[in-house]
Every structure is written in C-alpha cells, then in structure tokens.
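Undergrad: Keeping their order, the protein sequence lines are chains A and B.
In terms of this note's numbering, the first sequence opens at residue 576 and continues consecutively.
In terms of this note's numbering, the second sequence opens at residue 89 and continues consecutively.
Don't read these hints as lab results, they were simulated from the structure.
A portion of the hints provided could be inaccurate.
[Claimed, not checked] For lysine-lysine, the following DSBU-like pairs were computed, each having C-alpha atoms within a straight-line distance of at most 30 Å:
#, chain 1, residue 1, chain 2, residue 2
1, A, Lys680, B, Lys156
2, A, Lys678, B, Lys156
3, A, Lys679, B, Lys156
4, A, Lys757, A, Lys678
5, A, Lys653, B, Lys156
6, A, Lys679, B, Lys152
7, A, Lys608, A, Lys659
8, A, Lys659, A, Lys757
9, B, Lys93, A, Lys777
10, B, Lys156, A, Lys659
11, B, Lys152, A, Lys659
12, B, Lys93, A, Lys732
13, A, Lys732, A, Lys653
14, A, Lys757, B, Lys93
[Unchecked claim] Covered, in the sense of this in silico footprint (three residues per stretch, anywhere, with C-beta under 8 Å from a C-beta of chain B), are these stretches of chain A:
#, segment
15, 717 to 730
16, 759 to 771
[Stated by the list, open to error] Here are the computed distance ranges between Cβ atoms for each label pair:
#, chain 1, residue 1, chain 2, residue 2, range
17, B, Asp147, A, Lys757, 35 to 45 Å
18, B, Gly187, A, Glu635, 32 to 42 Å
19, B, Ala195, A, Ala631, 39 to 49 Å
20, A, Asn670, B, Thr202, 50 to 60 Å
21, B, Trp203, A, Glu731, 56 to 66 Å
22, A, Lys680, B, Cys91, 32 to 42 Å
23, A, Lys680, B, Val105, 26 to 36 Å
The C-beta atom is built at its ideal place from N, Cα and C for all residues, glycine as well.
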Amino acid sequence: MSERSPESGRPRPQVYADLRDEDLIALVQQGQKRAYDEIVRRFKGRLFSFILRMVADPTEAEEIAQDTLIRAYIHADKYREIAKFSTWLFTIATNLVRNQVRKKKRQPYMMTLDPAPVNDDQIPLDPPDPVSDPTRQLEGRELGELIAEATAQVPEKYRVPFLLREVEQLSYEEIQQVTGLKLGTVRSRINRARNRFRANIKPLLKNESLLEELERIEARAESDD
Amino acid sequence: MRCGKARTMINLELDGVLPPEQTPHLEEHLARCADCRGYRADLDTGSRMIRATAAEPSDAFEWKLQLKLNQALQEAAGAGTPWQENEPSPWFGWLRSFGLSSAAGLALVLVVTTWILPNALDRTAVDAGSVAGRVSDTPALTRSSADRGDRLSLQPASPVFSFGGNGSAGRVVSGGTFLSGNDSWLKNGPDARRSFSALEAEVQHLRDQLVQSRQENARLMALLDGSGVKYLEGEDALHHE
Chain A
576 MSERSPESGR PRPQVYADLR DEDLIALVQQ GQKRAYDEIV RRFKGRLFSF
626 ILRMVADPTE AEEIAQDTLI RAYIHADKYR EIAKFSTWLF TIATNLVRNQ
676 VRKKKRQPYM MTLDPAPVND DQIPLDPPDP VSDPTRQLEG RELGELIAEA
726 TAQVPEKYRV PFLLREVEQL SYEEIQQVTG LKLGTVRSRI NRARNRFRAN
776 IKPLLKNESL LEELERIEAR AESDD
Chain B
89 MRCGKARTMI NLELDGVLPP EQTPHLEEHL ARCADCRGYR ADLDTGSRMI
139 RATAAEPSDA FEWKLQLKLN QALQEAAGAG TPWQENEPSP WFGWLRSFGL
189 SSAAGLALVL VVTTWILPNA LDRTAVDAGS VAGRVSDTPA LTRSSADRGD
239 RLSLQPASPV FSFGGNGSAG RVVSGGTFLS GNDSWLKNGP DARRSFSALE
289 AEVQHLRDQL VQSRQENARL MALLDGSGVK YLEGEDALHH E
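The task is simple: from the sequences and hints, build the whole structure.
TA: Below is the structure:
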C-alpha cells in the first residue's frame, strides 16, 4: 500500500511512513535510499523552520538544512540509538548554524547598496518613531514576519535552546545533548529567552487582528491534520 | 510564594516537568496574582505564535538536496568533481606565474608596436600634412596662368583627405573613416591603421607636389621678370583678379 507524497509526487510507501525515525535511519544504514527520502520528508520543514529562526535568511536556512540532511546520510553509520534520531539531527544542524554564525561574525561588515529611490515620494520624510503606538506599526504585516523579528532579537545563546524547546519540543535532556550545556543552564537559558521573547512580542499580544490571525492559522492547521 | 519562584514554576509547567506535588502551590499563587496569570498567558500565546508560524522550505528544496548529495557522495568517494584541479606543484606554480608575466610583457610590447608607435608616426604625418595644407598660403599666381589651366591645385584627384581651411590638420577624412585627435584609431583598429598608411602616402604625394609647384612657381616668376609683368601677392592677387 502506498500514498503519494505531496511534495515530490512520488509514491510514498506506507511501510516507511509508519516507521519510527530510528528505524528509518537503521534502514538507511543498510543502504535503503527510500528510507532516507522519508527522513527528508519528515524533517525538511522542521529543520528549515528551526534554522530560519536562527539565521533569518531563507536561502541560507535552506542550504544549512540541506547540508544537515546530507551529513546525516553520509555519516548515517555513526548514529547509534543511544539518543533519538531527531536529537542527533538537530545536533548536526545546531553545529552548522553555529559555524555559519561564527563565519558571519568574522566577515567584515558589508553595507547594502540599495538602489536610490526613483521618485521623491519614495523617500521617507521622517524615520519611524520607535515610541509611537506599536499597534499601528503592526498593521499590514504578517504574523510570521513579526514573530521572526521578535525571535531574532533574542540573543543567540538563549535562542538555540529556546527554539529547540518551543519549535521542536525537545526535552531538557535532549537539548542538553544537542547543545552540550548543563541541564541547569539549559533551563535557565530557556527561561531567559522566554522573558526576552515575551518583552519583544508585547505589542503583538495587544493586537486583536493578530490574535485572530493566530486563531485562524491554528484552526487551519487542525483541519489539515 | 514569591512571583519569581512562581514564574520559574510556570516555565517548568510549560515544559511539562513541574513536579505534580508543586502544582497546587502554583495554582494557589496564580489565583491571587494577576501579573503572574498574565505572565503565563503571554508565554502560552508566544509559544502558540512560534509554532503557528513555522516556515516551509521552497519547492526546489528536494532536488537541490539531491544535487548536493550526489556531489557530496562523489567527493566522499574521492572521485572529486570534474572542475576541481589537483594542487599544482610549487615548480608548476612558478612556471605558470612566469608564463603569465611573460605573456603580459609580450602583450605590452605588441600594443606599443602595433598601436602606440603607428599613432606617433601618424601624428608626425598629420603635422607634415598641415605643412602641406599651408601651401595655399604661398604666393599665388596672379597672371592668366589660371586661364591657361596651369593654376596649381593641391587637391588630389580623389579626396582621400581634406585639410582645414586654415591649414591645420584638425580633420582628416580617409576612406569614410573620421579621425579626430588620438581616440578614433583606438576605436577603429585595423581601419585606422590603413587610414594612416594612406595618409602617409598622400603626405608624400603632397610633398612632391609642393616641390614641383615651387619649381614651377620659380620658373614662372623668372618668366614674368623677363617679360616685365608685375605680380602680386596674397589678398592683392585676389582683388586684382
């Protein structure tokens, strides 16, 4: 029995769809490429979403997500079932993200040369007032964009455990394995990140239209499931 | 219970690791603390927002992954990619650098001999041409020599080039190519070179004509002197005619 994969259009064997992640990687270790396809299908969105919130650049996030999956394939034989496969995979992703962030920090600052405005109308007369009504600034902007901005403002060292917890729902122990931090540090960093994130999203929490949008998204996701 | 401790417990509760025996204490605090209730509600909404706004990769994600995977497997197998070069030896590197510098030097010599020197020669030729152009300033015949058809003309039969009216060589027309200053030859390349060769030949032709005309002039002046007819120079000659 097989169903069609919505992404690739190829038949997706039910036998793979029902397997645990750890069973799939065991099949990959035996050389079954189709099991790897199922891993890609399961994790590409999760990896991309996690990495995007770390690097804030969709192209870069895709590349790192692809590199993560490639490494998982090439080094599949190194995986041992002492940890969950997702923990192992996110450890690879986190290391690649850290390398990328370090590389960026080493690079000199490059100024973007945006094209000059064509019309005078395009030149802003005044810079936006940061203390003006924050709810007005939110009008017309999408929830995803605002959340990405709020997440990006959380310091990187807090953001990694925070996202692993919030997005990936990893346990403290799994986050400890991924990050190499002590358990207490993991917990305190998640708490600190939450407090920072809460401060960043304060204006959003008062915006009725955004809260309605959130409910619509959740309802759509529920109906899709 | 203080709010700080309550908030730590709220975080543990959100992560599903709050010990069950502590739950009543937390609930008791929340029942009388609106700030902590708001704190818990904010964290809960924040988590929902993060999960609801998960992004999806592009449609090209999988085939790009497949391409990269193929390449990575080739590299892992030690095959290397076709565009990868082996590390050159220091000797080879030196030879390559030497070859590059030699080629650059040769190119420079070629540019100098092909473009710059001919241009300098042509400038000399054009200067000579301007001298030839000033032939019109030499004493003109005022007699009826024009009627006899022996008025001297410096215009060649085919107008390969023409000089400015004041004898300067500001404009040279040759074979349809307009040359002005030093830039046109750069643009026209071989055409310009041919034009300069034609220019040189024509300058030589004009020099010969100049010599002949001077000889002819001297002969005619001698004849005039012998016949007693006066001759005029410059503007007077025009008015006389």
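Undergrad: Each hint: holds or not?
TA: Status of each hint after checking the structure:
1. A:Lys680 - B:Lys156: holds (26 Å)
2. A:Lys678 - B:Lys156: holds (21 Å)
3. A:Lys679 - B:Lys156: Satisfied, since the Cα-Cα distance of roughly 22 Å is no more than 30 Å.
4. A:Lys757 - A:Lys678: Holds, at roughly 26 Å.
5. A:Lys653 - B:Lys156: Holds, at about 20 Å.
6. A:Lys679 - B:Lys152: holds (23 Å)
7. A:Lys608 - A:Lys659: holds (20 Å)
8. A:Lys659 - A:Lys757: holds (19 Å)
9. B:Lys93 - A:Lys777: Holds: B:Lys93 and A:Lys777 sit about 22 Å apart, inside 30 Å.
10. B:Lys156 - A:Lys659: OK: B:Lys156 and A:Lys659 at ~26 Å, within 30 Å.
11. B:Lys152 - A:Lys659: Cα-Cα ~27 Å, so holds.
12. B:Lys93 - A:Lys732: holds (23 Å)
13. A:Lys732 - A:Lys653: holds (27 Å)
14. A:Lys757 - B:Lys93: The hint holds at about 21 Å.
15. 717 to 730: holds (count 5)
16. 759 to 771: Holds: 4 residues of the segment 759 to 771 of chain A have a Cβ under 8 Å from chain B.
17. B:Asp147 - A:Lys757: 35 to 45 Å: holds (41 Å)
18. B:Gly187 - A:Glu635: 32 to 42 Å: Given a distance of about 40 Å, which is inside 32 to 42 Å, the answer is holds.
19. B:Ala195 - A:Ala631: 39 to 49 Å: holds (48 Å)
20. A:Asn670 - B:Thr202: 50 to 60 Å: Roughly 58 Å apart at Cβ, these two residues keep to the hinted range, so it holds.
21. B:Trp203 - A:Glu731: 56 to 66 Å: The hint (56 to 66 Å, Cβ to Cβ) holds, given that B:Trp203 and A:Glu731 are roughly 58 Å apart.
22. A:Lys680 - B:Cys91: 32 to 42 Å: holds (37 Å)
23. A:Lys680 - B:Val105: 26 to 36 Å: holds (34 Å)
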